[in-house]
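Participant: Starting from the known structure of chain A, arrange chain B on it as the hints suggest.
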Amino acid sequence: MKRKILFLSAIILAFIVSATGVRQVMAEVRLADDKIILNGTIKQTMYIRTQMNSTEYKEYHKTHVDYNRFSALLKAQFKIKDCQEESINFITALKYWYELAPVYDPKMRNGMSPAVPERDRNWYSRTKDRDYVSEAYIDYIRGPWNIRFGQQIVVWGETDIKRTVDIINPIDVRLGSPGVDAWEEIKMGLFMLRGTYQTQLPGSLLLEALYIPGDFRPARLPVEGTHYGPNPVPNKDGFYPYMPYGVTTWLFDKARMDAPGWELKNYEIGLRVRGFSYNIDWTLLYYNGLYDAPIAIADKLNPAFTSDYILKGVVGSITKTPQHLTFPDEKCYQYPRYSMIGGTAQTVVPKLHDSVWRLEWFYNHNEPYNRGTNADSSKLYDTVKRDGCGMGLNYGDKFTLGNFTHKFCQDKMLDVSITLFYEKVFHWDDDIIISESGRGHRRGASHSSEIAWSAQQFFFNQQFMAMFMGSYNPIGKYFICPIFSYVPGNHWRWELGFPTYGSRTPSNKGLHDKDSVLLRARYEF
Amino acid sequence: MSLRRFQTNGAMLCLTLSVLAVLLATPVVVCAEQLNFPLAAFSDEELAKVRDWEKTWAGKKIDQNNVDQIKEFLPESYAGVYKKPEVWFEPKGFWFTIVPYKRYIETKGMIEATNKYHTQVKVDASDIIQNYADIAGMPFPNPDFANPAKGGQQIAWNYDFNTHGDAYHWFRTGPALEVKQKTERVSDSDMYELYYVSRVDVDPKPNLMASNPKGIRRGYYLHMYKPPEFIHTSMFNLRYLDYSKSDDGYMWYSQFRRIRRVSTAQRTDSIDGSDLIYDDEYLWDGAIPRNTYKYIGRKDLLCSRQMDIKKLERVSGQGMPNGIIRERLNTLVVEVVSKDKNYIYGKRVWYIDPESYYIQWTDIYDQLGRFWKCFENWTNQYPEQTTGEMKKVIVGTEFMDFQRIHCGISIQECKGVGLKEIDQKNFTIDNLQKGGY
Chain A
1 MKRKILFLSA
11 IILAFIVSAT
21 GVRQVMAEVR
31 LADDKIILNG
41 TIKQTMYIRT
51 QMNSTEYKEY
61 HKTHVDYNRF
71 SALLKAQFKI
81 KDCQEESINF
91 ITALKYWYEL
101 APVYDPKMRN
111 GMSPAVPERD
121 RNWYSRTKDR
131 DYVSEAYIDY
141 IRGPWNIRFG
151 QQIVVWGETD
161 IKRTVDIINP
171 IDVRLGSPGV
181 DAWEEIKMGL
191 FMLRGTYQTQ
201 LPGSLLLEAL
211 YIPGDFRPAR
221 LPVEGTHYGP
231 NPVPNKDGFY
241 PYMPYGVTTW
251 LFDKARMDAP
261 GWELKNYEIG
271 LRVRGFSYNI
281 DWTLLYYNGL
291 YDAPIAIADK
301 LNPAFTSDYI
311 LKGVVGSITK
321 TPQHLTFPDE
331 KCYQYPRYSM
341 IGGTAQTVVP
351 KLHDSVWRLE
361 WFYNHNEPYN
371 RGTNADSSKL
381 YDTVKRDGCG
391 MGLNYGDKFT
401 LGNFTHKFCQ
411 DKMLDVSITL
421 FYEKVFHWDD
431 DIIISESGRG
441 HRRGASHSSE
451 IAWSAQQFFF
461 NQQFMAMFMG
471 SYNPIGKYFI
481 CPIFSYVPGN
491 HWRWELGFPT
501 YGSRTPSNKG
511 LHDKDSVLLR
521 ARYEF
Chain B
1 MSLRRFQTNG
11 AMLCLTLSVL
21 AVLLATPVVV
31 CAEQLNFPLA
41 AFSDEELAKV
51 RDWEKTWAGK
61 KIDQNNVDQI
71 KEFLPESYAG
81 VYKKPEVWFE
91 PKGFWFTIVP
101 YKRYIETKGM
111 IEATNKYHTQ
121 VKVDASDIIQ
131 NYADIAGMPF
141 PNPDFANPAK
151 GGQQIAWNYD
161 FNTHGDAYHW
171 FRTGPALEVK
181 QKTERVSDSD
191 MYELYYVSRV
201 DVDPKPNLMA
211 SNPKGIRRGY
221 YLHMYKPPEF
231 IHTSMFNLRY
241 LDYSKSDDGY
251 MWYSQFRRIR
261 RVSTAQRTDS
271 IDGSDLIYDD
281 EYLWDGAIPR
291 NTYKYIGRKD
301 LLCSRQMDIK
311 KLERVSGQGM
321 PNGIIRERLN
331 TLVVEVVSKD
341 KNYIYGKRVW
351 YIDPESYYIQ
361 WTDIYDQLGR
371 FWKCFENWTN
381 QYPEQTTGEM
391 KKVIVGTEFM
401 DFQRIHCGIS
411 IQECKGVGLK
421 EIDQKNFTID
431 NLQKGGY
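Chains as they are written, first to last, in my numbering: chain A, 1 to 525; chain B, 1 to 437.
Possibly wrong hints are sitting among the right ones.
Which stretches of chain B does chain A cover? Using the computed rule of at least three CB atoms under 8 Å from a CB of chain A, they are [stated by the list, open to error]: (1) 182 to 194; (2) 214 to 228; (3) 269 to 278.
Pulled a few chain B residues facing chain A out of the computed Cβ check, cut under 10 Å [as the list claims (entries may be wrong)]: (4) PRO148; (5) ILE259; (6) LYS425.
These are computed hints drawn from the structure, not numbers from a lab. None of the values given here were measured: they were computed from a predicted structure. Every residue gets a Cβ at the ideal spot worked out from N, C-alpha and C, and that includes glycine.
The following block holds chain A by itself, in its conformation from the complex (with noise of 0.2 Å):
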């Protein structure tokens, strides 16, 4: 209790401080004749449980406070050359971040079977690795040329939330999410080779490749018992207390460590044509590349699941021993290559209040799946390929809420934006498992749909922002999030939130039970 005390003073002071003590400063740091230009961000963010089953509460948390992290972002460019005709610079993002959950909550770390497993909590809790380096590549650019060669993040997307064509790079959520984080936290860098050329065409077409020679980085799934995971399973139940970690753990791992490596055949490929025709600013992208997300093959891991996992529990529960968990060394997971084609296209409509509208959409050719009997994944049977499409539109808009924009917003309009998502997989058939991709479908369905929104407004001269957003899908599931931020000058930003889960739908229940409190505080240069 007292280090719950001494905690949350220490975060209550350092807000006082910062909130009254606020000064100019310089926002970049530019070196050696601005030669080098230096930009970041620091930010400790935190979640506060508020639902939390008490079963779960008294075995694994001592506090509500299940995800507590400091992370920074370090921007750098290198302005190697820079002249009239052409301009060569070096861009470097790199990233740290330390969560701290399970460092202060021993309850979460301690014990046979821990909320986070031992062997993923270090992996998952601080940067390792490659993981420090997000963005690092050469930018040359002369005359209608563009060439940028190294680790890169790309955005080919228009809408917000949904990755609807936006799939060059995988991403990592095990500490954040789209839409709360910005990219270079969600998405993590490939070595790329990619160019631009502007060319003079009717319809300033603009012309984009990219080619990524076989460096392979699956998505980064969240890890059992942490805040954006699946929840750890209670102790009381005679199967799990002599085991390490859960299924979850255990299938994740696998998929993790049956991912290729980089190798030439896992190459990728990106096209994309953008142009301006009929006021309507539209691109066209083609993508042929490897799956971020595993696909279970059902006849290595069944048999491997059950001898390496599901015995092991068996003998826990008989002998009372703990037991080490093992792997096999064949594969059980793949990650097939598919391809997509898309397109986005974005306008601004007169005759509907001048307000912005964007598309987005997509058709996945051979976009592998599991099957499992009545689309149950723990009755896996086999892998199949199927075509898919898919939509996002969006319309965005600004309001004058009478005299209240005028009295307490400084006529800052209310900022309003709405998207519906659509997507559907062709030859559909019942036992194909998708309700746990996370693509918002209910279970045997071959459709899904969505609606999200957000809603901002801006107080008394953008020192402070109320923000409204979530998203609603028809099989019950929704997110709300109402966020509150105060930003006192030119570096700090303090953000709180109230991020609420819910679903109606057993097979498809995301985040359901894991409503907090977000307190986020920011400082940028």
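Facilitator: Using the frame of chain A, we list chain B on its own:
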């Protein structure tokens, strides 16, 4: 006799020199006589009185103690700021300096274009210019002051045809201030402006392109360095000759790494915590036909027209810099009312420099007719890269909201005016993408 001859010869010499001087200055003076353009702020008689007044005041530092003595030459609101600085949480007070009036004469290019095109101006029954893309210079060098509505509109058109040296690059530092808390949120950005039509100083004139199928009037590009959340965010904006067509705006928002089409039609949305709406850039940045105008008359005001921004003195959180340099100027006063009945401002009153057609001061009233804001432009002259002539540009602006006691400043360092080349590629998506990291 010889003395007389000498005197006669001396007189002849003076006459010859005078004629020679007149002939050398022909392009300016002859036109000026024909058109009364460029206008001078003061007649000779008025100027003599001003010079007399300057004997007392030029070089004087004006502050809380003596502002009452010159308050007739300041907007009432600003006189109050100097008189009661505590209202703006600046107990030490503000001060500025008076300097002698210095006439500004427009560039030769502007004068020549005015001579050439002012007779070709075509207007409709509402005095809206119909051949905007075919003319340059001041369309109405001698506004019809006898007719307040027509004269007001003509002054507004002259304002609109000031192309700021055709191609202009400046670096803006713009703190939005919370004077009570002494905090400020600073935005820094490089800004570029390129006129596609009505060009007077930089070749090709008057139009940048032989063919302008999109009907672009002006391109505007900015690259932001502050605040940190917007670092390396850039945007461009294209304004069209078609008065009814909204600008096209595109933004590379560095945090999302996306090129977003932005709606530019919401001109009354306030800009990033400042007291400005989008129409307030330059103190008016919209299509002239959106308003009705009424010429009110002339008013002598202290205006900042020789401002060296390096001499401004200010500490962080201070609402208005000290050390502003102001001179007497006989401004043109125009009342401006939006044709949109729901427009955020009830009316504006412009105080326009008759020599450069910049708005030096503007008073802004709310829809209930209550005084709301007062903005001041500071200008100075810089040599044009192309011609070497001095061109007046805006080097800063003070924005004060008197209802909320909130203010902002824009300090604009001239990086080049009358530039030979601002690349049109600045106003392309390709450029946004290339600059986006």
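Participant: Has the region 269 to 278 of chain B got at least three residues whose CB is nearer than 8 Å to a CB belonging to chain A?
Facilitator: Coverage by chain A holds for the region 269 to 278 of chain B (7 residues, Cβ < 8 Å).
Participant: Take the shortest C-beta to C-beta distance between LYS425(B) and chain A; is it under 10 Å?
Facilitator: Result: holds, 8 Å to nearest chain A Cβ.
Participant: Are there three or more residues in the region 214 to 228 of chain B whose C-beta lies within less than 8 Å of some C-beta in chain A?
Facilitator: Result for this restraint: holds, n = 4.
Participant: Next item in the hint list is ILE259(B). Is there a CB on chain A closer than 10 Å to its CB?
Facilitator: OK, holds: ILE259(B) within 10 Å of chain A, min 8 Å.
Participant: Count residues of the region 182 to 194 of chain B with a Cβ under 8 Å from any Cβ of chain A, then say if the count reaches three.
Facilitator: holds (count 5)
Participant: Was the hint right that PRO148(B) lines chain A, CB cutoff 10 Å?
Facilitator: Violated: closest Cβ of chain A sits about 30 Å from PRO148(B), beyond 10 Å.
In summary, the structure is inconsistent with hint 4 from the numbered list given earlier, while agreeing with all the others.
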